[in-house]
Amino acid sequence: MSHHILLVDDDRLILSTLGNGLRQAGYTVTEAACSEAALALTKRHSPDLAILDIRLPGMSGIELARRLRDTHHIPALFLSAYSDKKMVEDAINEGGLGYLVKPVDMPQLIPAIEAALARFQDLKALNKVKSQLEEALKGGRDTTTAVGILMERQGLRQQEAFELLRIHARAQRRRLQSLARDIINAAETLNALRIGTNTNSR
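Those letters in the sequence shown? Residues 202 to 403, by our numbering.
I should point out that these hints are in silico values taken from the structure, not numbers from a laboratory. Incorrect hints may have been included.
Pairs of lysine-lysine, PhoX-like flavour, derived with a Cα cap of 25 angstroms [what the hints assert, rightly or not]:
1) K287 <-> K303
2) K325 <-> K303
3) K325 <-> K244
Generate the whole structure from the sequences, applying the supplied hints.
Now the structure itself:
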């Protein structure tokens with residue numbers, strides 16, 4: 202499948218040269234000469250990767266990369282005529298997947314694009330696993346807390362409390378974690394009411 206590249210550079214010659222070279226290499230290319238035009242284009246297109254000149258008029262390439270990442274989840278590869286260390290650090294800190302110093306030719310650019318796309322897929326997979334793990338850990342904590350509440354309120358042993366929770370979840374056709382969260386919320390509400398009553402009675 203052809204990847205869609207958003208190419209942004211205020212140098213029209215570079216824009217045209219790189220754009221034509223990428224199209225000949227089999228990519229779909231959308232070109233923009235400034236950050237504002239690039240943001241407008243992303244409303245109509247969904248690029249797989251943005252290749253950005255860092256020094257753009259108005260909004261910088263680094264700020265544009267931040268906007269593309271936060272709003273559209275589009276990763277960025279940076280181009281610049283400068284190899285300033287601070288600039289490179291800023292680009293990487295904003296999630297840049299690579300940094301190339303101009304002039305750039307196709308034999309140099311295409312491997313960088315493919316490496317950036319592969320790394321982005323790896324990062325997406327890692328973030329998905331991280332989210333799933335956090336959700337599982339959160340669900341486990343909620344279940345443990347709910348079992349503790351049932352043990353205290355109902356005078357049950359741990360296994361009895363867990364079995365009661367499991368039976369009710371099955372009867373209501375709900376996930377165990379969902380019912381556990383409801384029990385925790387109910388207990389927190391009762392505790393808040395109790396605190397409020399004690400405060401008013403003083």
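Results for each hint:
no. : hint          : result
1   : K287 <-> K303 : holds (17 angstroms)
2   : K325 <-> K303 : violated (29 angstroms)
3   : K325 <-> K244 : holds (22 angstroms)
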